[in-house]
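Novice: Order-wise, the sequence lines are chains Z and L. One gets this note's numbering by counting positions in the first sequence from 1 and adding 1 to each. One gets this note's numbering by counting positions in the second sequence from 1 and adding 109 to each.
Worth double-checking, as some hints may not be accurate.
To be verified - Derived lysine to aspartate or glutamate pairs resembling EDC-like cross-links, with alpha carbons at most 16 Å apart:
no.	chain 1	residue 1	chain 2	residue 2
1	L	K212	L	E187
2	L	K239	L	E205
3	Z	K185	L	E213
4	Z	K298	Z	D273
5	Z	K324	Z	E531
6	Z	K298	Z	E204
7	Z	K298	Z	E189
8	L	K171	Z	E373
9	Z	K311	L	D162
10	Z	K522	Z	E373
11	L	K239	L	D223
12	Z	K332	Z	D271
13	L	K121	Z	E189
14	L	K175	Z	D273
15	Z	K332	Z	E499
Keep in mind that the hints were calculated from the coordinates and are not lab data.
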Amino acid sequence: MSTLMSGARMLAECLAREGVDCMFGYPGGVTLPFYDVLYDHQIRHVLVRHEENAAFAAEGYARATGKVGVCCATSGPGATNLITGLVDAMMDSVPIVAITGQVTSKLIGSDAFQEADTFGITRPCTKHNYLVKKLDELAQIIHEAFYIAATGRPGPVLVDITKDVFQAQGHYQPVTSIHLPGYKVFTEGHTGQIRRAAQLIQESERPLIYAGGGIVAGNASAELREFVQVTDAPAVTTLMGLGALPGNHPNYISMPGMHGSYAANMAMSDADLLIALGVRFDDRVTGRLAAFAPHAKVIHVDIDPAEVGKIRTPEVPIVGDIKRVLVKLTKLLVETPAEPDAKRSAARRAWWQQIRAWKDAHPYDTPVSETEIKPQHLMAEIDRLSGGDAIIASDVGQHQMWAAQLCRFNQPRLWINSGGLGSMGFGLPAAIGAQFARPEMLVFAICGDGGFQMSIPELSTIASNGLPIKIIVMNNGHLGMVRQWQTLFYNNRLSAVELEAFPDAEKLAAAYGFKGRTVEKPWELAAALEEAVKEPGPYLLNVKVTPFECVYPMVPAGGALNEMVLGPPQPVAVPGT
Amino acid sequence: MLQIISLVLENKPGALMRVTGLLSQRGYNIESLTVARTLDPELSRMTIVVDVDSLQRAQVIKQMNKLINVLQANDLSEGPTVIRELVLLRIRTAQESRTAVLKEAEIFGGRVVDSGVEGFAIEVTGDPEKLGEFVDVMAAYGEVEVTRSGALAIALDSKKLRLQPPVSTVGQGHPTPLHK
């Protein structure tokens, strides 16, 4: 069965066949034929106000659901504006498909109007990319793009389509199979290695589960819980793995790394076995590598063979789908329990006691002031209202770290943030994507005053779609994280970090037709947040916080995890004065 | 140290760019690179020599294998391998040195492909290191211009090309293998 139709319609058919119900984009000259099809097509197209935000919104959609997010831009500047979002998705393994228009194939290479070498530019920004110059390749390529984006280690795939392909008429035949002979998806872990892993787990005295974004991407949260229960090992989750284990789980310590908790970092440093699940030993987690987990053997499970052994050579490498590996590993541990060993049991009990002692000694600091709003106070209040059940889309910077420290997540896919790339301006458009994906959910966009101003144009998208996003600006009048580094490492010479003339939030929101407010007194905060949450529509809450707070604990760059600084240096009396 | 990588890749637009881009992106220096079609016109074989820290060698191969268009990437630095390179060399030499130049070329197994009043054009194939010596020797007799093909390598033990089977497309994120 085949039907005669244009390439533009064929693209829409393929997208619909992939289950795309919503996409984010910005039209332009060469994508006109596609937008003509979208005019009366079932796929909902969300018009953003800048292409970069189309990519971020597609990421928000994908991160909130696990489905492939779709964004679309025209040739030249449209395509180049997508780049940050593509790299962001690449770094955090987020499945998105980007459709870009390209000038007519005969004009390629002629420096035509709005021509850019999108295929060349996006090669290192994507898991794979395509340039479609022939209509008969289009349908096949679109389905390949979705397959590549969603399977294995997920990632962004870009399809650049020339205008003549959009316009050409051809016979559409639904694609039934795709053949990528060089694309290997590793699913089953090696049975022998899984057996060795089980043995190491049973023999270890101080095991620690180090779980990351792979658990979220691999939809393996339930399997992780099973595994944790069977091993009864303490667990940390990375920035990308927040929610992989519920924040109130008895075995959960918290986040490790540069701004991780004291207990998590000490546990990393003292463990004799690291069970690394869907993590990549990022430098923000490990600190100085030579001093990272120096006593630990490592079991490393990841679907990407290139991650296993990239940074740290594991004793037991397991390449496979994390969900399947965890099921097998848990089954093995249940079926072949360890011989009772009094010494090991005592060591495990002592390990747990030690971890509890670390947790009690230095929980995250949540200072509350009577005169000013402390940023930690703000995050604690948001956490109270969320109860671990709201989606929190965060921008990048200090607020991101405080939110990661202090907000709980009962499930995966509630914490949406730009982890690997650290793209400012991510939070608000990602919240838009997440809200479209999960319209029933309470969605917070937590931004700093810097990142918020990068994404201000999207207030218009929020207003025009009536998205009930609660935009919380943690406003310290500075680019807080850069300011923190200047304070701590550059003699407090504050260079280009002061953000003056922040707009009046109430008037700004009113200009877009929704409610907004600024609060600066700690006693107003709880009620203001409650009012924002109660508001059926969007709400912009500008929260003025103490300007010079630093995020602690902090592992200074080049430091070991257990050399973290727990708070601001105490004033020291100078002898003789 | 130098690592010799043999790649089999799909002969698709941009495939070469993906390989070279990956190498520069990950900070590996390319010493030489050759590429041409295989017996199957849809596939190309590439021999790449990269300068890479020995600890990173496995990582380079893994990254190569992640490229969708790469069907196989092998490290030929160890194991039985034949490595050959071609040099084309033009030498301007004085009349009295002509016989000596021909003698030296013969020692290196070279073949004169062109001869003129001013000198010769000589082709030599061989081990890349040996070719370096040949060029040095020739330079002693006069002004030389050299072009080298870059190393070509083939493993002496056969490595089976393992290809992935087709998958059926039944909608987003849930592809199922056609043949199990």
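Novice: Decide, hint by hint, whether the structure agrees.
Specialist: Each hint tested on the structure:
1. Taking the CA atoms of K212 of chain L and E187 of chain L, the gap is about 35 Å. The hint is violated against a cut of 16 Å.
2. Straight-line distance between C-alpha atoms of K239 of chain L and E205 of chain L comes to about 26 Å, which puts the hinted pair past the 16 Å bound.
3. The hinted pair formed by K185 of chain Z and E213 of chain L fails the criterion: a straight-line CA distance of about 50 Å is larger than 16 Å.
4. At roughly 6 Å between alpha-carbon atoms, K298 of chain Z and D273 of chain Z fall within 16 Å of each other, so this suggested pair holds.
5. For a cut-off of 16 Å, the pair hint linking K324 of chain Z to E531 of chain Z is broken: about 38 Å separates their Cα positions.
6. Between K298 of chain Z and E204 of chain Z the CA atoms are separated by roughly 11 Å; this keeps the pair inside 16 Å, and the hint holds.
7. Under the criterion of a C-alpha separation no larger than 16 Å, the hint pairing K298 of chain Z with E189 of chain Z is inconsistent with the structure, at around 22 Å.
8. Our distance criterion of 16 Å between C-alpha atoms is broken by K171 of chain L and E373 of chain Z, whose separation comes to about 53 Å.
9. Distance check on the hinted pair: K311 of chain Z and D162 of chain L sit about 13 Å apart at the alpha-carbon level, within 16 Å; holds.
10. Restraint check: the Cα-Cα separation between K522 of chain Z and E373 of chain Z comes to about 6 Å, which is no more than 16 Å; the hinted pair holds.
11. For the hint linking K239 of chain L to D223 of chain L, the alpha-carbon distance of about 22 Å lies beyond 16 Å, and the restraint is violated.
12. This hinted pair does not check out: K332 of chain Z and D271 of chain Z have alpha carbons roughly 27 Å apart, beyond 16 Å.
13. The straight-line distance between the Cα atoms of K121 of chain L and E189 of chain Z is roughly 30 Å, outside the 16 Å bound, and the hint therefore fails.
14. A distance of roughly 32 Å separates the Cα atoms of K175 of chain L and D273 of chain Z; the hinted pair therefore is violated under the 16 Å criterion.
15. Taking the CA atoms of K332 of chain Z and E499 of chain Z, the gap is about 55 Å. The hint is violated against a cut of 16 Å.
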